[in-house]
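Engineer: Next come the chains, spelled out residue by residue.
2 protein chains.
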Amino acid sequence: MSAYVSGVGTSFFGKQPNTSPAELAWAAIGEAFADAGTDDPAGGHPIEAVYVGSVFGEPGVAMRALQGYALTGVPIVTVENACASGTSALNEAVRAIEAGRYERVLVLGLEQMSTLFKGPIIPQQTDTEGRTGLAMPSLYAMEASRWLHEGRVTLEQLAAVSVKNHRHAVHNPRAQYSGEYTLEQVLESPMISDPLTLLQCSPISDGAAAAVVSATASSERDVRVLGVAQQAGGPWDHRTTDVWGYRLIRDTAVAAFEAAGLAPADVDVAEVHDAFTIGELTTTEALGLAPEGQAGEYAATGVTALGGRLPVNPSGGLLSRGHPLGATGVAQVAEIVTQVRGEAGDRQVPDARIGLVETMGGGVAGVDGNACVVALFGNSEVEGD
Amino acid sequence: MSAYVSGVGTSFFGKQPNTSPAELAWAAIGEAFADAGTDDPAGGHPIEAVYVGSVFGEPGVAMRALQGYALTGVPIVTVENACASGTSALNEAVRAIEAGRYERVLVLGLEQMSTLFKGPIIPQQTDTEGRTGLAMPSLYAMEASRWLHEGRVTLEQLAAVSVKNHRHAVHNPRAQYSGEYTLEQVLESPMISDPLTLLQCSPISDGAAAAVVSATASSERDVRVLGVAQQAGGPWDHRTTDVWGYRLIRDTAVAAFEAAGLAPADVDVAEVHDAFTIGELTTTEALGLAPEGQAGEYAATGVTALGGRLPVNPSGGLLSRGHPLGATGVAQVAEIVTQVRGEAGDRQVPDARIGLVETMGGGVAGVDGNACVVALFGNSEVEGD
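As given, the protein sequences belong to chains C and Z, one line each in that order. Add 957 to a position in the first sequence, counting from 1, and you land on the number used in my numbering. Add 957 to a position in the second sequence, counting from 1, and you land on the number used in my numbering.
Warning: the hint list may mix true and false statements.
Examples of chain C residues toward chain Z, derived with CB under 8 Å [stated by the list, open to error]:
1) 977
2) 1030
3) 1035
4) 1077
5) 1081
Which residues of chain C face chain Z? A few of them, derived with a C-beta cut under 8 Å, are [what the hints assert, rightly or not]:
6) 1053
7) 1198
8) 1199
9) 1327
Per the computed footprint, the stretches of chain Z lying under chain C, defined by three or more beta-carbons under 8 Å from a beta-carbon of chain C, are [unchecked claim]:
10) 981-989
11) 1092-1098
12) 1111-1122
13) 1237-1244
Think of the hints as simulated: they come from the structure by calculation, not from any bench. Every value quoted in this text rests on a predicted model; they were computed, and no experiment measured them. Every residue, glycine too, gets a C-beta built ideally from N, C-alpha and C.
Can you build the whole structure from these sequences, using the hints too?
Structural biologist: Next up, the structure:
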């Protein structure tokens, strides 16, 4: 059986410490229900289960968010899978729909971070990374340093990702940050973890995103899930030039493309995990969207910019839209669904038919990433069952 | 398709602040693998996915626990559903097996609480309960007060649950507490929240439990999942005599019995959510295991004791075995699987063929329980597909 996304919604993204997590969720759920024509959850297409992605939410965060929509008499499953929590929830929801367990479910991604973090997220003190003081920016900085050393990327190419994604976000009214920056401004912004400067790091964010997933398409606007795969990483072999997470993303992508019967060349638009600029570049290559060693050039020459051949992160990505961990994956889904529907306004990728979402959660326990999810979505022009 | 539990394991339960959560998990996983004949996860029956229940675990707690068993290259889904987290993870695992997604998966329940809590668990300050100072013992005390007022239970019957479950735990070497108490000792132990005394409240616990769930039975010892249901509560109607959670448990049980094609009279042994003595009594009635108003008498007269017609909580239950939130549901499953296999030693329920597990998570947001899971298990003598 197939699964379709029939409605998507998001809150504003940004630091909103005085807005409760439930209020963030309500904004996203309300928009998703209206979008799916499911304003009344007790109406013709009731929600039969809810899958929630949240990392730092207090126990019961899902129930608090859902009772405002009377979404309480159904199975509710809250999933924690680091930065991939939202898309892990999506994966479980899609599999449940495909298995015929439900006709219609809600996926919710939710995170309030501004009340918890005043600086970077630091792995647990029991982790190798935490013990050695490696906060998340440092882990990505090691990736960047390795690729710089190998000649696989330049400082200017790294900065170009930030320029591009901040420019994309100018057309996204829900984005946390946006703006027209020069390469110099990016490179001269405060150094966070060499070589990554402030404008190359995703911010601390609060936000929510929601998607209604259905077993049947009820309109041309419903977007089919062409394939989805999830994996956790194995031990990371530091001796290879496959930087942290690279192999995990590659393997997960292979599984997702195989499930969809597609190849990277079929992708028209992608939302990928640019928690830091280097992340977008390693990911673009690991996904097969750019040949080895060319992702940096793609960013610098506009191939992956709006107007280019394969726009990556038209929403502004994690770097600019923001990165509320549990919400991020579902926000990526909302963007890709909006793109392949042709409803993305000033940031629309022309003729986008097939879109890709990739989320990568990691940073603990010395493994090659905590979890990676890759999902492919197609509009009604895409042939399928 | 059916799902079978082919192996179970637990750690010791108790306050173990100097044992890491990963070490607790390893004890449970190792025992479950050995029990399932799956010592080598890369062997003949590799684990294809892991579902983890945890409430208070730090982000990434699953990955930290699993890498010690090289269980890292597969989908890992961590589920938070209050006290029902472990059985919610089981439900998702069973459904994934039934849908044909996997041949063999691991369910892990894990919680370390002694490092976090020095007193009772208090709902969030944003909840009605938290705002009014209602900690978990108080919520259950309100249930007990209502039933005492209605004449549906007596103080001595409440205390009898504690006497019974502590006595059961004498035969469970993994239990946190056990002992031979008199009704008077229970009633005269320190008052926690009137009418619930110390010996009527489950303790703060650390522990883990694991279960290997398979699509096919490979031995007579494999225990079939006859039916499982999960629900979240709707708004709790305080005006009825259906105390908090009662209706949710009843509705979930109806769904589980229907899925299994069974009735309460078919149950030979049960592990239910006795976080407080009143909890076992309301639950026993809500499940249909005792007629309305008779659960107290069942406990007082030995019907639900080892040696009685329908032993409830032969492991000692949450009251005595302990209650590490995310682990509890999986520990209940381990007990019931051991019972219907006839391998429970001194606490064996004679001729147990069909067992029931019930977990109830609640305490937030003024609803009739956060989540309830009811599951039914049968040994190879039980007919089925």
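Engineer: Look at each hint and say if it fits the structure.
Structural biologist: Outcome of the hint check:
no.: 1; hint: 977; verdict: 7 Å, holds
no.: 2; hint: 1030; verdict: 4 Å, holds
no.: 3; hint: 1035; verdict: 4 Å, holds
no.: 4; hint: 1077; verdict: 14 Å, violated
no.: 5; hint: 1081; verdict: 6 Å, holds
no.: 6; hint: 1053; verdict: 7 Å, holds
no.: 7; hint: 1198; verdict: 20 Å, violated
no.: 8; hint: 1199; verdict: 14 Å, violated
no.: 9; hint: 1327; verdict: 5 Å, holds
no.: 10; hint: 981-989; verdict: violated (count 0)
no.: 11; hint: 1092-1098; verdict: violated (count 0)
no.: 12; hint: 1111-1122; verdict: violated (count 0)
no.: 13; hint: 1237-1244; verdict: violated (count 0)
The structure is inconsistent with the numbered hints 4, 7, 8, 10, 11, 12 and 13, although it conforms to all the rest.
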